[in-house]
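Undergrad: Those protein sequences? They're chains R and F, same order as listed. Quick note: the first sequence uses the working numbering, first residue 1, plus one each step. Quick note: the second sequence uses the working numbering, first residue 1, plus one each step.
FYI, nobody ran anything at the bench for these hints, they're computed from the structure. Treat the hints with care, since some could be wrong.
[To be verified] Below, in silico cross-link-like pairs of lysine to any residue (SDA-like), each with a Cα-Cα straight-line distance of 20 Å or less:
id : chain 1 : residue 1 : chain 2 : residue 2
1  : F       : K22       : F       : K80
2  : F       : K92       : F       : V152
3  : R       : K140      : R       : L83
4  : F       : K225      : R       : P199
5  : F       : K80       : F       : E362
6  : F       : K22       : R       : R22
7  : F       : K287      : F       : V337
8  : F       : K225      : R       : T84
9  : F       : K119      : R       : R177
10 : F       : K119      : R       : K140
11 : F       : K225      : R       : L83
12 : F       : K225      : R       : K140
13 : F       : K119      : R       : E135
14 : F       : K225      : R       : E170
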Amino acid sequence: MTLKAFAPGIYPRSEALVQATRDLDRGRTTPEAVAEQRERDFRELVSVQQSAGLSLLGDGMLAWQDVFRPLAEAADGLDARPLTRFLDTNTFYRGVLVDGEPRLRNPLPPPDLPDREWIGTLPSPLAFARAARDEVSAEKLAMNVLAPQIEAWAGAAFIVLSEPFLARDEGVGELIRALAELPESVPLALQLPFGDVSPVLAALAEAPVAAIGVDFYSTSLDAVPQAYPKEILAGVVDARSSALESTEEIARFAEELACRSPMGVSLTPNGDLQFVPEPIAREKLARLGRAATGLAEVA
Amino acid sequence: MSGVRFLTREIGSLGKPSWRVKAFAGRPLDESDVESAESWGRRLDVDGHEALVEGLRAGSLNLPEIDDWAAIYAIRLLEKVELDVLYDGEQKRTEMYDHVAAFAGGFEERGIVRSFDNKYYAKAAVVEPPSVGGPQDVEEFEFVRAHTDRVVKVPLTGAYTMEDWSYDEHYGHEGGLGASAEHRYDARRRFVHDVAVNVIRPNVEGLVAAGAEWIQIDEPAATTKPNEVPLVVEGFNEATSGVEAKKSMHICFSDYGALWPAVLELEDCLELQLEFANRDSRELGTKDEDRPGYADTLALFKQHGYPGVGLGVLDIHSDFVEPAELVRDRVLYAAKVLGDPERIQVNPDCGLRTRGWDVVYEKLSNMVQGARLAEDALS
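The following block holds chain F by itself, in its conformation from the complex (with noise of 0.2 Å):
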């Protein structure tokens, strides 16, 4: 077992810095604000950050400007932090389903759903067909990879997500009243084929002539309906197959259990990042009652020997900070039940985005340590 490499990854997203968020809102910034600027960008090492500190104080910068800086202070975070695999913490996008939904054609918007207590989200309804003018994020990816020598994952929407957080006014509507399961079924995957197939697969084809080395795919919604997993990695395969790069896909607060078997027939996918994390105990130990959040769900990849494993090892909804020795033991307990540490690679279990960059920071940093001890150990 020797020579073993974890490459340690981000997710997606991370928050947005008080000063993108209230330039974009139309509300003026406080000291506060521009002093965040200022000391991150010094404890980040960003170069020339003392234009951004003096643009917000004088007010001179225009959006554009404003996203690119925040995006430039993502990725020198993740850098900071020394992960291997990055983009830019998805400071350019609104949230994943509307970065798509408001740029494709065929999604209107159509209001807010509560997604609990009192938290709302945004939902579209498709009205037709699902398309494109041409690829969604070469530009954005062009600038993360002008900004960085680390390897680039981008991560895109996945198809099916798309298709069960909206709404359908379209593929579906007509005779759906008393309709059988199977009218439902068809509707719901001529939707997630056309998604796939218009929206997503030109943007991967765009991003890859563009240089992207790796395509990941956001699939939170995969297992809502355990039936459908089959259009999960239809959407996948539909979108992907044949593109020269890496695959992988992300999934998370989901029942893993009824991906498999569908999901043997994932086209190339290099691994399922999942969240592992958030159902795990807080104390060190690699036995079996030690590691409550890891073990049914990689006895499935064990069993069933594919893909790889991005393994989820921070909670991201907590400000709790994993100690480096706890993701240490995340890391050894899932090479120990596999049998294969080539087969796993080191993540936090979904996008930081609702934690502050001083936990994210400490975070990350103590995931890439505990990924080094695993090394360690195993060696």
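Looking at chain R on its own, in the form it has when it is part of the complex (with noise of 0.2 Å):
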């Protein structure tokens, strides 16, 4: 059984990041120092994973307004609509407002990362669709504008779809179909951050991807069968909470998971870490990267 650590999607930023936009949207500052702290902000969050001992590097999206927005912005045919309320959070994304057929102009450039050591993150077709009220179907999406930029990415080691609302909603048969149209140059993961993914687990071992990223708490550990056929990504570190984890809970958590057999185990955080202050997201890398350490060695 394989046991990685890592932690994809949006990293919040540090209060002086923070600060700077601010102070770019009152004009007090200047595009070029808001990326300077931009980069200060990511060589430090290289450093803490460093540090931490995690497997795979993330870049923490650290200009990344909301998951859909890059994309969004770098495609023909769409735009940003309005604030949308993030799931059952108190943080907005801006929906996708469709104007024409979408298709990604300019790719996004990969992060200033080691070739086979960092992860990206992209929201899944579906999530896509979802987020542009279904005015374009997923599997157009999965075509035109995701499977260039995982074309463009073919340098990670691992790159995560995420899906927030199948948990909530229906759709697994549109998912898997769109999920056939993206290359199969990078490995794949789908996480499910903050949902139940109990009602979809089965169905989702179809899906042509590597791995299923499990949020254990939304989920209880017996939704998840023996044998799973697929890599779990299990959601430890609660992205949406404020208490530190023991890596003695996760790590004793996690050896309960590998008891099932699903076909591997890594330890990520349940959804991206924006959701907590910058300076506990940093310490639950730490534990994060403490408990797979931990178990690896008793492996």
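Once you've looked at the hints, go ahead and assemble the two chains, each given alone in its own frame, into the complex.
TA: Below, the structure written as structure tokens:
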């Protein structure tokens, strides 16, 4: 059994970066100054992940205002809509306006990280379609927007497709058909943050992805069937809680999960860490790494 | 239908004057801040505003004095536009969540979290059962009471919203990993209960003992988790049941379809004050197709018959000033759908704190005028 730990998704900005972006909005600083602070945040995040012993590095998506926006802005036929609440959080994203045939115009560049050592995060095609109020199909978004983006990130070790809506909605078939349109050049994972995945976990065994991300703060361990045929990205750090997890508890839980013999287990947060302040996220990364390292040593 | 009279009210917050903001931030005032205090003082006929202007210019006022002046200005503005029911624009509060979390024991600040784009909000964690040493807002209420003869409605942040907007490091943390949905629900329920009983209720009882006639419980998080609407109702009832005052609830930017049937269990709730205008067309008319922002939710009020409607007629996220005729048509449409204008009162969608006072003045003036036009039409 493999055991890795990593943190996909949007990482919280430091207070310095928040202040810089706030100052930029008010005309008190320059875009260059914000970019410099963002670079400092990025380097610090890389260092934190390395110190934590995480197996793969995330870039924290520090310039992303939400998981859809950069793609919507980089694609013809898509634009940002008014604010929409993100699930049952007090954080909002901008939905996607469809005003033409969606086509990725300029793929987003990969982060400045060594090949095969980093993870990328993109919206799942179904989430993308739902954010666009289904005015365009998940398959079309997969083919015309996500596929070229994945190709542009061919150096990634893993690309995590974030799917926040499926646990609350229908659409497994639609999602699986759309996932089939994505290239196989990079291993893909489908993460279902902040939701109980038990109703769809069995069906997702058929999805053309290598791993399924499960939020174990919303999903009972009993929902995972024996010998699940995919790797489980076990959401064992609660990205919506300021409480710090016990590494022993994480390790115990991971061992129980492993007893169910899925194809593999990796430890992750249960969603983007941006839902906690940066100092708390940093400590959560440390604990995630300690738990995984301890387990690997035992194994 | 003769003789109908729609009460006009604000919901809660108004923006704070620049001289109040800068003074509390420790930033120097410039002449435009002082001129603003002077011009609004004249416009609103604020007695003795010259003392404020002089004090601001001389830097001789302390923060509580400046706070009092801001509240008086807000009260005068709300009187000037001829609202029937008012408060002080929450001038003495930081923000609806922090106002409570900073006062009650059991909460600790944790830092900032993104709201959207580059906007962030401060968030606290509950670390032990919340409690207070006494009612929080009595002094604030007595100040308002002493400075207006209008009906006063006191806005209070609800227990469920306090729970939903807080991190939980006490109730549900232990055993959270892999826990059942029932375990999580029970933890949230205990949190709501403790806030309602140990924080909100002492405030409600203190306010009513001090003479408050109307308590408004604000629950903007009410439908964030649709299956937890019963907790919103429990929190309201535990905080207010048996209290001798008018009681109402404000909810906004939510999925109102999730509220029923649970809200039928609200005890003695005069009305739900909801946001509608944000979803509506700006065209005149009283047909279903003219009022897309109102039809579905009003149908729920009609279907269930309880409670009354606090009809949001002003979009608080826009500087668009709703003409009085548009307000009139929104009210008339609601009266037509419900078949009973007595179930309707009139208010903005939410607090107007994100709008400048010039826009607020015009919006609220037109709201009152529109309500009068609707009354005339129904008569």
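Undergrad: Which of the numbered hints are not met once you compare them with the structure shown?
TA: 1, 3, 9, 10, 12 and 13
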